[in-house]
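Visitor: Okay, here's what each chain looks like letter by letter:
2 protein chains.
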Amino acid sequence: MTATPSAPLFDRLVIIGPGLIGSSILRRAMLDRGIARELVASDIDPKVCERVRELGIADRVVQDAKEAVRDADCVILCVPVGVIGTVAAQVAPAMKPGAILSEVGSTKVSVINAVLPALASRPDIAFVPAHPMAGTEYSGPDAGFPSLFENRWCLLLPLENTPPDAVARISAMWEAMGARLRTMTPEHHDRVCAIVSHLPHLLAFTICGTADDLADETRSEVLDFAASGFRDFTRIAASDPTMWRDIFLNNREALLEMLDRFMADAQAMADAIRKGDDTIIVDRIARGRAIRRTLIENHQA
Amino acid sequence: MTATPSAPLFDRLVIIGPGLIGSSILRRAMLDRGIARELVASDIDPKVCERVRELGIADRVVQDAKEAVRDADCVILCVPVGVIGTVAAQVAPAMKPGAILSEVGSTKVSVINAVLPALASRPDIAFVPAHPMAGTEYSGPDAGFPSLFENRWCLLLPLENTPPDAVARISAMWEAMGARLRTMTPEHHDRVCAIVSHLPHLLAFTICGTADDLADETRSEVLDFAASGFRDFTRIAASDPTMWRDIFLNNREALLEMLDRFMADAQAMADAIRKGDDTIIVDRIARGRAIRRTLIENHQA
Chain A
1 MTATPSAPLF DRLVIIGPGL IGSSILRRAM LDRGIARELV ASDIDPKVCE RVRELGIADR
61 VVQDAKEAVR DADCVILCVP VGVIGTVAAQ VAPAMKPGAI LSEVGSTKVS VINAVLPALA
121 SRPDIAFVPA HPMAGTEYSG PDAGFPSLFE NRWCLLLPLE NTPPDAVARI SAMWEAMGAR
181 LRTMTPEHHD RVCAIVSHLP HLLAFTICGT ADDLADETRS EVLDFAASGF RDFTRIAASD
241 PTMWRDIFLN NREALLEMLD RFMADAQAMA DAIRKGDDTI IVDRIARGRA IRRTLIENHQ
301 A
Chain B
1 MTATPSAPLF DRLVIIGPGL IGSSILRRAM LDRGIARELV ASDIDPKVCE RVRELGIADR
61 VVQDAKEAVR DADCVILCVP VGVIGTVAAQ VAPAMKPGAI LSEVGSTKVS VINAVLPALA
121 SRPDIAFVPA HPMAGTEYSG PDAGFPSLFE NRWCLLLPLE NTPPDAVARI SAMWEAMGAR
181 LRTMTPEHHD RVCAIVSHLP HLLAFTICGT ADDLADETRS EVLDFAASGF RDFTRIAASD
241 PTMWRDIFLN NREALLEMLD RFMADAQAMA DAIRKGDDTI IVDRIARGRA IRRTLIENHQ
301 A
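Line by line, the protein sequences are chains A and B. The first sequence begins at 1 in UniProt numbering and counts up one residue at a time. The second sequence begins at 1 in UniProt numbering and counts up one residue at a time.
Okay, chain A solo, but in the shape it has when bound (with noise of 0.2 Å):
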């Protein structure tokens, strides 16, 4: 389905939570009405609202979620994963028939096993999950910006009685913000975000936690010669805390197990290191630049 100007994709597109990726959906759909007739944008939090509307990056702000959602034709959630549910089972109600409910969560199994109960008296809702891979670590209606999505992957995940038009529309519409498209299941999905995104926040917090717990003295020397190494884990830290709490937690199962993964290596790793054992320290390296390059052939890096 391609958006004309005479046929916007969605007459009326909510965007629940207009943070860092519900305010770039935002701007990007304010520069190309094609993707939507009309943009609502709704939040708990009256600051928020407020923010948004100085902004000037929805045509209308409406506060309470099952107002804002009224003969909207598509709703994209764009909370915390851990309030994707009770957020789902606040607005489903108020939907119109035939809607399109999607949602933008960093983890999959968990958000669709919290919203299915939801919709469970609404099959005329079409639930299309998806998980654009983009962000910085900055958060909030101001963080945004309309290019966020712009090549980068947009992961769906699309249910077993999800309509095939309802998935095309979701498409068209990450397409039109510059995205690239790859489906899978939530189950590989979740494994997949946990070694490449999950995981590596999880030891950047850590490795933070680590250097503020040494004594004074080496700690401030920490902050005075944190070098490329450690700069590069504070950035990644910097994110924001309730988002990366609700993700650890909604991905308990497949991030635990990558973790235990890493830790087994990086004990190995350490084995080597106290042996003085050459040919393992290399080979980890190695790979290590392996990845690296292949990375930068597939423009990633």
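Just so you know, the hints here were simulated from the structure itself, not pulled from any lab data. Values in this document were obtained by computation on a predicted structure and should not be read as measured data. Just so you know, not all the hints are guaranteed correct.
For chains that are exact copies, the list does not tell them apart, and a pair is met inside one copy or across any two.
[What the hints assert, rightly or not] Lysine to any residue pairs mimicking SDA-like chemistry, simulated, CA-CA at most 25 Å apart:
(1) Lys66 x Glu217
(2) Lys47 x Val282
(3) Lys66 x Arg182
(4) Lys275 x Asp212
(5) Lys96 x Asp124
(6) Lys275 x Gly34
Go by the hints and put chain B onto chain A.
Guide: Okay, now just chain B, sitting in the frame of chain A:
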């Protein structure tokens, strides 16, 4: 001591190992002839010597280290930390009386222990260990650039018997390179660098290996979907294997101590996630943000 056009800081400055760091020193000194009247480069690898000649970043290139250091008033060893002792033993007997020997290794206790025996019969040589905390993930003579040390820290680790005049001259050289100076003990240096730089590199190498060990299907998707978290880790992990193997082995004690602390903290985070303990998770994330804020205030981020 200030360099003036009529009296350069050194008459003949020799760089052994013109890689990323060594060739950056040469490049900067070529632009600022107040640092040395004559710049000599030496490398065990004839291809590196040839490349330095092609780049034109030294006045003379002499492959044989013993010959290169003849009549030099300052020799800086820019070789991997694992061979600094060996190279010091090679060049010390050929150095002129009263000359300065310096090095730029990323670890200090083991490097100093390896160099001291080479100087036992040459008490007239002034040994000034130093560590310019600058670098990129690239290596070799082509990787250097003259502004590499601009506004970066250079740590000085003078020994008890290092003549103050030699420390002053090495300090003046690094200041001329744009670096900021700090003096500390070798032991303290090794602990600070273990947490700030060596442990982050070890973690980055390890997570690349962990990802590489995943089942084929997941691995290829890891490469496809490397979001910012994992991508930042692979940048760190792209560094030179020999250099990092040597750093890990030469800062074994401090590194393994920091790794132990980190592993205990990561385990605590895993337990908190398993138990759903919000408070601990949010506390760790908040610390990461706090450290990041301090780095930004310190202009290190």
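Visitor: Which hint numbers doesn't this structure obey?
Guide: 1, 3, 6
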